[in-house]
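Heads up: the protein sequence lines correspond to chains E and F, in order. Under our numbering, the first sequence has 310 at position 310, and the numbering climbs by one with no breaks. Under our numbering, the second sequence has 348 at position 348, and the numbering climbs by one with no breaks.
In case anyone wonders, no lab produced these hints; they're calculated from the structure. Be careful, since some hints might not be right.
Identical copies carry no separate label here, and so any pair may be met within one copy or between two of them.
[What the hints assert, rightly or not] In silico DMTMM-like cross-links for lysine to aspartate or glutamate, where the CA-CA straight-line distance does not exceed 25 Å:
#1 Lys275 to Glu406
#2 Lys98 to Asp246
#3 Lys72 to Glu327
#4 Lys330 to Glu99
#5 Lys57 to Glu46
#6 Lys300 to Glu313
#7 Lys98 to Glu83
#8 Lys72 to Glu142
#9 Lys315 to Asp450
#10 Lys72 to Glu99
#11 Lys72 to Glu102
#12 Lys57 to Asp297
#13 Lys72 to Glu88
#14 Lys57 to Glu27
#15 Lys322 to Glu62
#16 Lys369 to Glu412
#17 Lys4 to Asp127
#18 Lys120 to Glu327
#19 Lys57 to Asp325
#20 Lys358 to Asp312
If you want the building blocks of each chain, they are given just below.
2 protein chains.
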Amino acid sequence: MSLKITPRSEDFPRWYQDVVQSGQLAENSPVRGCMVIKPHGYALWENVQAALDRRFKETGHENAYFPLFIPKSFLDREAEHVEGFAPELAIVTHGGGKELEEPLVVRPTSETIIGHTYSKWVQSHRDLPILINQWANVVRWELRPRLFLRTSEFLWQEGHTVHANEAEAEAETLQMLDIYAEIARDWLAIPVRTGLKSKLETFPGALRTYCIEALMQDGKALQMGTSHNLGQNFAKAFDIQFQDVDGARKLAWTTSWGVSTRLIGGIVMAHGDDKGIVLPPRVAPVQVVLVPIFRKDEEKIAVLAEANRIIDELKERGIRAKLDDREQLKPGPKFFEWEKKGVPLRLELGPRDLADRKVVAVRRDTGEKEALTFDGLADSMVERLDAIQAGLLQRAEESMAARTNEASSMEEFEALLKEPGGFVLAHWDGTEETELAIKEKTKATIRVLDDEVPGTCVLTGKPATRRAYFARSY
Amino acid sequence: MSLKITPRSEDFPRWYQDVVQSGQLAENSPVRGCMVIKPHGYALWENVQAALDRRFKETGHENAYFPLFIPKSFLDREAEHVEGFAPELAIVTHGGGKELEEPLVVRPTSETIIGHTYSKWVQSHRDLPILINQWANVVRWELRPRLFLRTSEFLWQEGHTVHANEAEAEAETLQMLDIYAEIARDWLAIPVRTGLKSKLETFPGALRTYCIEALMQDGKALQMGTSHNLGQNFAKAFDIQFQDVDGARKLAWTTSWGVSTRLIGGIVMAHGDDKGIVLPPRVAPVQVVLVPIFRKDEEKIAVLAEANRIIDELKERGIRAKLDDREQLKPGPKFFEWEKKGVPLRLELGPRDLADRKVVAVRRDTGEKEALTFDGLADSMVERLDAIQAGLLQRAEESMAARTNEASSMEEFEALLKEPGGFVLAHWDGTEETELAIKEKTKATIRVLDDEVPGTCVLTGKPATRRAYFARSY
């Protein structure tokens, strides 16, 4: 709680750890790589979930739930898939006091078990499309865990859909990518770059992987969500076939898409400052906190009465408002605590304010202080919350624009990566070899491909058909 | 889908399987004991969750999330706890391609890992109470699985609270028991008997276990939720201590309480009939379904236009209404499908109805049909949904009253268990020996203890200080 926060400029990874912990979002658990998501962090996740879930349902998806355990043999059916996930698996060998005949994998993702299930559900073109999402925990063994960013267990949603043809599968893949970008921008106040991954960075077993990539304050990219057109690979592996209108039996096309609690890490690293977390109002568990100030008992009665009235008024307006009436803490420590937790607006109400029928409002993002009249206070709050939301997005957009630059030589490339950091747009000859060589040389990887524009590869000088956005990343 | 439903009177367990499957709630998965919860079943669970979550939050609880994995050694710290759960554990022995130094248990419940965490969070009386709930999946290896009722993996919530003294812990335990009983009655339309468990049926490691018990249509009891006063047992095992107001260091008191997807099984067995599931309107994913009827194209246009208008009107009123405009199905099969799914009200709208400005409404619970005018239709729907909700509860209450009888001899006890079934109230001498002997003889167990009323034990004839409710159970 009284943890000192390392400045960002001094050590960004330590700053991250400090603000996540002092902001009471999460902490490490005794199980290596698994985290405890504390109430403040979980409430933030619930708000992000609600925003996503609403959009999933609006676009025709339903939620369902599939088993945590997957027979090991299921993974083996898709060669790239098992190769990609084998090193990260947690394996159950004993159940009910006995050794299992076949080991079970704790799901790292559910394409295989869901593919198996869909093969029974899909018989005719009339059964298509299947549009299902699952909210679940998954496990990918992590040797260098970091709260929210890389944890052995994490919470996520995974959408799994089945379509009659490639065009529909591709449209679904892109629709979900758009929804992710929209939620990132409109709810998390994080602008993202969207696009296709290179083959090297494609999801194991997918035909094409699209993703949303954001820039953190240290200039590194964070992959915040992926949407995969799985082609017919999993349909083949799990025999998802249907009788089409023309009577022929055909292999189906599937997609999958997911975002996880990693988004919380993104919010922290995109907006936080040296005082702690800064939460975008639309997802903040508490949007406005009121700290009452008084000395004498009669002041306390009057101040708390007015404070409660204000809180009720704000709640009625749909604002998530909270009165911090804890007796054992003085106002100062309360201010610091809510600052660390990232609450967008703080109200301070003392005896003198009562007389003036005013309250002091302090913005978390800018530190700006103003005295606001009781009259129209809910309106003032809504305006300021909107301004904070817009301000965070604008700042992040400006930062991303300033940190997206084009390089036509490797010298330029490396110089830009160092300063200002962020995305370096460069021509690439399209080979895995060059991609790996650039990674080796610069630690930067292709985050997304750019549209096709002919040119010369920044590393090899060979002809290139397209550019790519490179960055160092989480 | 076209599965024939076995009548309840013929074979209740098969009827249950048939209606769960034909009602599209869930199905078995290739992993023994794990189920796939289908969209209709999951949407039902989401509504139950929402009702519970609201009450948890209203009573001051926050959600958080703790790890799926628990070090095996944690369970060993509470002797009764490990003894109770050891036979049901799923054990992870390998992670990230290596054998683990210490095996991890997939949580069967989280008292131990949460107890460990709370020992760090609790230092002073100022940190108390801690009021936290977790929505999660848990695993208890099940050799004879039944969808929703007993599955190796199930979804649930588990509340875990810490208090400064016994009185507060007991008050919390009873408060949550009351909330469970309230949700069962007011949302699921299931009356329950609440009370204390005998020592034999107490949660491993708890001081006292309270539960809610409902009667299913076959006269068997279903334990639908439990609330445990854990005393200081887990505080001792995990060293949850605090400095009290008087400066002394004291052991804390903890509670835990949970309900699971088993509730879905309870809804099915409490209200279903030989045609399928019957859902209480307050938790039904779809409350009103409208099936349009037409032959010619011009009829279709007119009917669908009016149908859409009606659906919009009902939705605006807050009713979960759905238009079934699937082209490939005739009205008859649609009626059957929604009947099996348990949708409370069906509307039928054809060309003649249009002319009369009326719609035919069919109640799922009674089969009653009536023609309702377009004017005031939303009001009519709300009234009927309320009537169905109240009717289901009343029927279940009458059934429970008729199946709760007192026995003063074992002959009477056994006769009552056979006919009418349900709860048999009888004096019991309070010994585990007698409890087990009665179970051996009748297959009935103590579901909850009754208040203290002196009498003579129904089996041994020894003096008894209290009665108990016995029943065969799930």
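| message | Output the indices of the hints that this structure fails to meet, ascending. | response | Numbers 1, 2, 3, 4, 9, 12, 16 - these are the hints that the structure violates, sorted from lowest upward.
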